[in-house]
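One-letter residues, chain by chain:
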Amino acid sequence: MLTIWAILIDGLIYASWLFLVAAGLTVIYGVMRILNMAHGSLYALGAYASASSIGWYYANGGDQLWIAFALLAGCAIVIGAIAGLIMERGVLRLMYGRDEVLMLIVTFALLLILEDLMKLAWGTTPYFAYQPYAALGRFNFGVLSVSGYQIMVIGVSVVVGAILWFWLERTRTGKILRSIIHDREVSEAMGVNVRRMFTMTFVIGAGLGAIAGGFTAPIISVVPGIGVEVIVVAFAVVVTGGLGSITGAAIGALIVGLARAASIHTMPQLELFIIYAVMASVLIFRPNGLFGQATARKI
Amino acid sequence: MMHLQKSEVLLIVAALVLGLSSFISPDWLVFTSTLAIAAALVVMGVVMLMRAGLISFGQGLFYCMGGYAVGLGGRFLDVTDALALIGLGVLATVALAMVLGLLLTRYREIFFAMLTLAFSMILYGILVKSHGLGSTDGFGVVDWSILGYQPAQGHESSTALWLAIVLALAAALFLNRYFQSSLGLACEAIRENEVRVEYMGISRRQVLYINYVIAAALGSIGGSLTALTAGHVDPTMAYWTISGEFVFIALLGGTGHVAAPFIAAFIFILVRTYAVELFPNSWQLILGVVLLLIILFLPKGIWSLFTRKRRAEA
Chain Z
469 MLTIWAILID GLIYASWLFL VAAGLTVIYG VMRILNMAHG SLYALGAYAS
519 ASSIGWYYAN GGDQLWIAFA LLAGCAIVIG AIAGLIMERG VLRLMYGRDE
569 VLMLIVTFAL LLILEDLMKL AWGTTPYFAY QPYAALGRFN FGVLSVSGYQ
619 IMVIGVSVVV GAILWFWLER TRTGKILRSI IHDREVSEAM GVNVRRMFTM
669 TFVIGAGLGA IAGGFTAPII SVVPGIGVEV IVVAFAVVVT GGLGSITGAA
719 IGALIVGLAR AASIHTMPQL ELFIIYAVMA SVLIFRPNGL FGQATARKI
Chain S
3 MMHLQKSEVL LIVAALVLGL SSFISPDWLV FTSTLAIAAA LVVMGVVMLM
53 RAGLISFGQG LFYCMGGYAV GLGGRFLDVT DALALIGLGV LATVALAMVL
103 GLLLTRYREI FFAMLTLAFS MILYGILVKS HGLGSTDGFG VVDWSILGYQ
153 PAQGHESSTA LWLAIVLALA AALFLNRYFQ SSLGLACEAI RENEVRVEYM
203 GISRRQVLYI NYVIAAALGS IGGSLTALTA GHVDPTMAYW TISGEFVFIA
253 LLGGTGHVAA PFIAAFIFIL VRTYAVELFP NSWQLILGVV LLLIILFLPK
303 GIWSLFTRKR RAEA
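Chains as they are written, first to last, in our numbering: chain Z, 469 to 767; chain S, 3 to 316.
Don't read these hints as lab results, they were simulated from the structure.
Using N, Cα and C, we set each Cβ at its ideal position, and we do this for glycine too.
A portion of the hints provided could be inaccurate.
[As the list claims (entries may be wrong)] So these bits of chain S aren't anywhere near chain Z, every CB distance computed over 10 angstroms:
#, residue
1, R53
2, G89
3, M100
4, S159
5, G258
6, T309
[Unchecked claim] Quick look at which bits of chain Z chain S covers, simulated, 3 or more residues with Cβ under 8 angstroms:
#, segment
7, 527 to 536
8, 556 to 564
9, 620 to 630
10, 697 to 708
11, 749 to 757
Work out the full structure: start from the sequences and follow the hints.
Next up, the structure:
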């Protein structure tokens with residue numbers, strides 16, 4: 469019984485983190501049909517930005533928790549959005565209309581570039597930003613002890629998901645974006661400025677990736693290579709749920725998160741394996757993921 | 003009697019020149035050449051799939067299996083013959099590819115790319131967790147012999163180079179004919195329009211399946227050669243960025259000719275050797291920028307430089 473509770477809580481914590489990481493990836497794919505391999509690097513960029521800003525704040529005698537959180541989120545969003553803007557305007561713009569799979573290689577090139585730029589900017593020594601994590605303390609559920617920070621991440625994830633849902637389903641911009649998702653050419657013919665929408669989507673998606681990194685920074689030590697590790701897991705989540713679907717990303721994150729927690733508490737050696745096993749078994753039966761839509765064949 | 007084509011004669015001559023030059027070239031160059039040929043073998047597999055429109059971000063899976071087959075075969079089965087070790091790797095890889103191929107040939111584009119990536123990451127995850135095999139450090143490969151000949155001290159690298167040349171030449175000659183066969187041509191047709199290919203009575207899944215399995219075998223041979231040359235295997239061979247490098251080399255060379263992967267691999271390995279020493283923290287940056295430039299300005303790879311010139315002369 470205790471194990472089941474532990475699995476549920478750990479699974480939920482991991483799932484909320486997964487959703488944060490995967491949301492930007494799926495938004496960008498949904499609208500632009502670009503699977504952004506550099507998403508992990510944006511995540512790492514956000515983590516570096518928040519870790520160094522929080523480190524700077526506490527080193528200079530700051531002790532207000534809310535300012536620390538404002539810095540964490542603010543720096544991550546700003547740097548992610550700027551990086552996204554540069555990537556879209558500087559590189560991706562030149563490649564529109566090419567094969568989807570070629571775009572994958574283009575974003576792989578961006579990943580390589582970003583990884584080294586981050587090494588040049590922040591060096592290879594780890595950064596720590598444990599203060600917000602420590603400040604929120606721990607909560608006890610019976611014998612289980614959960615850190616307050618991780619419960620807060622669940623909240624952040626729910627808020628981000630809700631905002632995204634509202635934006636896509638209840639606003640004018642969201643409606644325009646959905647029309648692009650549905651049929652790009654027709655929406656262009658109807659007067660939608662698709663290029664501007666692409667830029668906006670990419671900037672928002674990049675910002676989402678950076679926020680995920682920003683909120684992860686206090687939990688981990690920020691070192692080179694964290695972005696490269698994260699992209700594969702994020703992809704597994706997004707594909708399980710169906711590429712391009714926010715609901716899919718949420719469900720995918722829950723499934724993968726619970727499966728991983730179950731594996732850690734029962735068979736720890738299968739941890740990494742289980743994520744891909746879930747993805748592969750979903751794809752065998754539903755090649756487009758749980759919420760993905762099949763596309764028409766070209767004849 | 004089969005007539006040799008011009009490019010086949012050139013391949014054989016190039017192989018002989020490279021092999022003979024190993025007697026006078028410095029040791030590091032012999033070592034680098036062997037690594038480049040090994041990488042080129044893996045890349046030939048990537049190119050085979052690329053011709054059919056599929057991009058594999060997981061060729062590291064087979065590369066790593068080939069490497070570990072050499073390592074494990076020497077360690078647990080007491081096999082020391084290089085050819086037997088390579089054969090062991092190919093057997094294991096082909097068996098796995100025949101199973102995975104059933105699933106993977108159903109997917110295209112990014113799904114194929116990312117699923118192959120996921121499978122190679124599974125192997126990486128398993129190897130990292132297997133502490134008996136050195137976890138992330140990997141382990142050393144036994145001293146090997148070939149057909150009873152034990153290379154003398156200091157001659158291992160040139161022996162490995164000759165072995166690599168012979169295997170690569172065989173693979174290149176085979177692929178050269180394969181690309182011109184009806185099966186090989188069907189690959190390009192699948193890339194253009196697979197529904198029409200089906201209408202012509204060719205099973206696209208069968209074609210892709212055969213391609214996938216051959217590509218896996220090539221990847222395994224490349225991995226085994228790397229392990230024999232470097233004398234060490236570790237799980238990073240299956241890490242997805244290694245597979246990304248193979249895709250990079252494949253794009254650099256282009257799919258125009260079987261020789262293209264070799265030229266591209268030589269350039270890649272040489273540049274990497276220097277760049278990693280001179281700019282250890284910006285080597286990937288250079289790689290990324292070059293990759294973008296190739297995609298923008300040389301979408302058919304370096305090989306298109308040769309053909310463009312020839313066309314201008316004609």
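Going through the hints against the structure:
R53/S, annotated as away from the interface, keeps every beta carbon of chain Z farther than 10 angstroms; the closest lies near 13 angstroms. Interface exclusion of G89/S from chain Z stands, the closest Cβ pair being 28 angstroms apart, more than 10 angstroms. With a closest Cβ-Cβ approach of about 17 angstroms to chain Z, M100/S is found to remain outside the 10 angstroms limit, as its non-interface label requires. Distance check on S159/S: its Cβ is at least 30 angstroms (rounded) from any Cβ of chain Z, clearing the 10 angstroms threshold; non-interface status holds.
Interface exclusion of G258/S from chain Z stands, the closest Cβ pair being 17 angstroms apart, more than 10 angstroms. Listed as a non-interface residue, T309/S keeps its Cβ farther than 10 angstroms from every Cβ of chain Z; the least gap is roughly 21 angstroms. Coverage of the segment 527 to 536 of chain Z by chain S is violated. Counting CB-CB distances below 8 angstroms, 0 residues qualify, and the rule asks for three or more. Given a C-beta distance limit of less than 8 angstroms, the hint that chain S covers the segment 556 to 564 of chain Z holds, as 3 residues qualify and 3 suffice.
Here the segment 620 to 630 of chain Z counts 0 residues with a CB under 8 angstroms from a CB of chain S, which misses the bar of 3, and the coverage is violated. By the rule of at least three residues with a Cβ nearer than 8 angstroms to a Cβ of chain S, the coverage given for the segment 697 to 708 of chain Z holds, with 4 such residues. With a cut-off of 8 angstroms between beta carbons, the segment 749 to 757 of chain Z has 3 residues touching chain S; three or more are needed, and the interface restraint holds.
Going down the numbered hints, you'll see the structure goes against 7 and 9, while the others check out.
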